[in-house]
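**Q** The listed protein sequences derive, respectively, from chains A and B.
1 is the number of the first residue of the first sequence in the working numbering; add one for each residue after it.
317 is the number of the first residue of the second sequence in the working numbering; add one for each residue after it.
Hints in this document: simulated from the structure, not taken from any laboratory.
Among the hints, erroneous ones may be present.
Claimed, not checked - To give a feel for the contact side, a few chain B residues facing chain A, derived at Cβ under 10 Å:
id	residue
1	V338
2	R436
3	I452
4	N458
5	N459
6	L463
7	L538
8	Q570
9	R611
Stated by the list, open to error - Simulated crosslink set (SDA-like; lysine to any residue; CA at most 25 Å straight-line):
id	chain 1	residue 1	chain 2	residue 2
10	A	K94	B	E565
11	B	K514	A	A103
12	A	K94	B	K514
To be verified - What follows is a set of in silico ranges between Cβ atoms, one per label pair, in the way DEER data are often shown:
id	chain 1	residue 1	chain 2	residue 2	range
13	B	R509	A	L83	46 to 54 Å
14	A	G87	B	I334	25 to 33 Å
15	A	E279	B	F614	56 to 64 Å
16	A	L83	B	F614	22 to 30 Å
17	A	T100	B	F645	43 to 51 Å
Heads up, the beta-carbon is just placed ideally off N, CA and C, and yes, glycines get one too.
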Amino acid sequence: MLGNLIQQTVNALTIGSIYALIALGYTMVYGVLRMINFAHGEMFMLGAYVAFLALSLLVGDVGMSGALALTAAFLVAIFLVGLIGVGIERVAYKPLRSSTRLAPMLSSLGVSLSLVTGVQILAGPQPVAFPSFFPVVRYQVMGGTITLMQIGILIAAFVLMFGLHVLVNRSRIGVIVRAVSESRPTAQLLGINVNGAISMVFFVGPLLGAAGGILYSSYYGIMSPSMGAVIGLKAFTAAILGGIGSIPGAMLGAFILAFIEVWGTALLPIVTNGVLGTEYRDVLAFAILILVLLVRPAGILGEAVSEESIVYKREF
Amino acid sequence: MAAVDTLATARPRANRTISWLVLAIAIALIVATPFLPNYHVRVLNSLLIYILLGIGLNIVIGYTGLLDLGFVAFYAVGAYSYGLLASPQLGLHMPFLVILLVAACLGAVTGILLGIPVLRLRGDYLAIVTLGFGEIIRIIINNLDWLTGGPQGIARLDKASILGIQIARPIDFFWLLLITVLLVGTVVWRLERSILGKAWAAIREDQDAARGIGINTTNAKLAAFATSATIGSIAGAIFAASQRFVSPESFTLQESVLIVLMIVVGGIGNIFGIVAGAAILILLPELLREFAEWRILFLGLLMISLIIVRPAGIVPRSFGPEKLIRGLFGK
Numbered sequence: 001m002l003g004n005l006i007q008q009t010v011n012a013l014t015i016g017s018i019y020a021l022i023a024l025g026y027t028m029v030y031g032v033l034r035m036i037n038f039a040h041g042e043m044f045m046l047g048a049y050v051a052f053l054a055l056s057l058l059v060g061d062v063g064m065s066g067a068l069a070l071t072a073a074f075l076v077a078i079f080l081v082g083l084i085g086v087g088i089e090r091v092a093y094k095p096l097r098s099s100t101r102l103a104p105m106l107s108s109l110g111v112s113l114s115l116v117t118g119v120q121i122l123a124g125p126q127p128v129a130f131p132s133f134f135p136v137v138r139y140q141v142m143g144g145t146i147t148l149m150q151i152g153i154l155i156a157a158f159v160l161m162f163g164l165h166v167l168v169n170r171s172r173i174g175v176i177v178r179a180v181s182e183s184r185p186t187a188q189l190l191g192i193n194v195n196g197a198i199s200m201v202f203f204v205g206p207l208l209g210a211a212g213g214i215l216y217s218s219y220y221g222i223m224s225p226s227m228g229a230v231i232g233l234k235a236f237t238a239a240i241l242g243g244i245g246s247i248p249g250a251m252l253g254a255f256i257l258a259f260i261e262v263w264g265t266a267l268l269p270i271v272t273n274g275v276l277g278t279e280y281r282d283v284l285a286f287a288i289l290i291l292v293l294l295v296r297p298a299g300i301l302g303e304a305v306s307e308e309s310i311v312y313k314r315e316f
Numbered sequence: 317m318a319a320v321d322t323l324a325t326a327r328p329r330a331n332r333t334i335s336w337l338v339l340a341i342a343i344a345l346i347v348a349t350p351f352l353p354n355y356h357v358r359v360l361n362s363l364l365i366y367i368l369l370g371i372g373l374n375i376v377i378g379y380t381g382l383l384d385l386g387f388v389a390f391y392a393v394g395a396y397s398y399g400l401l402a403s404p405q406l407g408l409h410m411p412f413l414v415i416l417l418v419a420a421c422l423g424a425v426t427g428i429l430l431g432i433p434v435l436r437l438r439g440d441y442l443a444i445v446t447l448g449f450g451e452i453i454r455i456i457i458n459n460l461d462w463l464t465g466g467p468q469g470i471a472r473l474d475k476a477s478i479l480g481i482q483i484a485r486p487i488d489f490f491w492l493l494l495i496t497v498l499l500v501g502t503v504v505w506r507l508e509r510s511i512l513g514k515a516w517a518a519i520r521e522d523q524d525a526a527r528g529i530g531i532n533t534t535n536a537k538l539a540a541f542a543t544s545a546t547i548g549s550i551a552g553a554i555f556a557a558s559q560r561f562v563s564p565e566s567f568t569l570q571e572s573v574l575i576v577l578m579i580v581v582g583g584i585g586n587i588f589g590i591v592a593g594a595a596i597l598i599l600l601p602e603l604l605r606e607f608a609e610w611r612i613l614f615l616g617l618l619m620i621s622l623i624i625v626r627p628a629g630i631v632p633r634s635f636g637p638e639k640l641i642r643g644l645f646g647k
């Protein structure tokens with residue numbers, strides 16, 4: 001029982017840290033542009049595919065081996081996907097900045113569709129086995145099994161999130177991004193390079209999403225062109241749960257969602273006496289999403305409801 | 317009349333030419349359909365179903381300005397209404413028209429049930445909630461094996477018949493769908509011109525101002541959701557009857573996105589735009605069948621470039637049914 005408890009907790013932490021990496025991208029983009037980037041899940045997918053490509057090039061053509069090749073492939077992939085993110089923003093979202101709020105979202109739907117089919121054409125629609133980035137080592141902790149991979153994922157995710165924390169809170173770039181997030185017109189009046197800040201966000205967000213994709217594919221040993229959709233939606237749920245626009249909120253939301261999912265999936269068949277089984281895992285995530293939006297749209301750590309993010313009240 | 321004609325500049329004349337051209341193409345297509353091979357008729361049928369879906373979703377997206385990404389849920393409600401009420405699954409074999417009525421009511425109820433909680437939300441949150449709702453419905457259908465047959469779906473649905481006339485061949489469905497599209501299209505067009513339609517437009521342009529001038533925005537939005545859901549559900553029931561098979565595969569998120577895409581490509585808020593959008597998105601992939609996946613990539617890129625270059629869509633918003641009628645019959 002205790003072993004099971006420990007194991008499920010570690011599972012939840014692992015999945016939660018991956019959700020967190022993706023959720024950060026949603027929340028940062030929403031912070032500066034007030035836009036839901038439907039193509040963000042595809043950054044997660046691209047991360048896995050670019051890393052796979054980089055790895056096969058590094059091992060096959062350059063002749064690198066082992067941990068060095070894996071680390072290099074990881075870094076190259078997240079950097080490249082970051083650049084892709086910046087490029088997409090320039091082409092598909094920037095021309096729409098003064099348009100309606102719906103326009104960039106529709107455009108991001110188009111980007112998402114194009115990326116999924118693009119990868120399908122280039123790499124085939126079927127799922128592909130993904131190499132493990134960590135050696136298979138199992139530890140027994142009080143009856144529960146924890147793998148080295150899980151520890152590795154946790155460490156990688158925490159290093160990246162700590163890096164983001166430093167970038168946002170302790171660097172000049174962070175000040176600029178936060179200023180733009182606070183109020184774009186004011187930032188512009190103060191002479192801040194708004195386009196630079198937005199590009200920065202579209203570099204860092206996809207970079208973290210790609211890292212999440214690589215870790216996720218490595219964890220489950222598989223990748224597919226359509227893997228971004230559901231995970232993207234869950235990460236978005238996490239971002240909303242924590243309070244969209246808030247960086248610590250996204251992380252908190254991701255872990256809460258992962259815990260609810262892991263524990264909920266374990267408990268659901270017991271509580272409902274087998275009527276609702278583990279296949280309702282995704283329903284659970286969406287139900288939470290809807291519930292949070294209805295009960296507390298600002299999320300757990302969301303800023304106080306401002307003029308712009310006000311939720312329409314009922315008739316008086 | 318003559319005076320009006322001489323006063324008329326080149327534009328109304330161009331409008332007249334276009335109107336007659338549109339009518340001629342439509343009539344030619346309708347007259348030619350019975351002589352087409354079955355495969356082509358099926359493609360036209362799927363085109364008509366998508367036009368019906370587009371007309372339904374357009375009420376929410378185009379008229380009221382709310383982004384609904386879970387429209388496929390209502391389509392599924394209608395399809396499974398037929399699947400359950402006219403198949404050996406539950407041993408029920410109700411007549412087609414009765415099921416159509418049931419599906420329409422169920423659609424409206426689902427629309428209102430979804431609408432009540434979510435319509436308080438802002439545009440982008442609404443998009444995500446409806447998306448989640450669509451997925452929830454699909455997952456539930458997929459897992460409720462004892463009722464819906466799970467991923468295998470329900471097969472051997474009854475042949476549809478209306479007042480003793482059997483509707484089984486693709487061409488029968490073509491006539492049924494054509495009549496439905498014309499009927500629904502006319503009703504929705506008139507609805508758009510009604511007081512309710514003007515309330516929708518007011519909400520789309522500025523919700524606060526709409527409330528300020530005394531529009532009950534919640535009720536107007538609910539009406540939009542219910543009408544849209546009813547049409548989606550009717551389309552679903554006809555779709556199930558024509559396929560004689562339903563499975564969750566037909567109701568994925570991609571399907572919702574495709575319908576949104578259709579509206580955006582054709583021209584948001586315009587019934588003729590939906591026809592054009594559906595024609596491009598449904599017929600073009602059929603013509604380009606050999607290019608398989610490239611066509612979806614093409615659609616995605618088309619969507620991005622259209623939103624940037626021509627956000628109003630291919631058909632101008634002004635070219636609606638009135639303009640056509642005016643072009644055909646005078647003034």
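**Q** To test your reading of the hints: which numbers does this structure violate?
**A** Checked against the structure, the hints that fail are numbers 1, 6, 7, 10, 12, 14, 15, 17, while the rest are satisfied.
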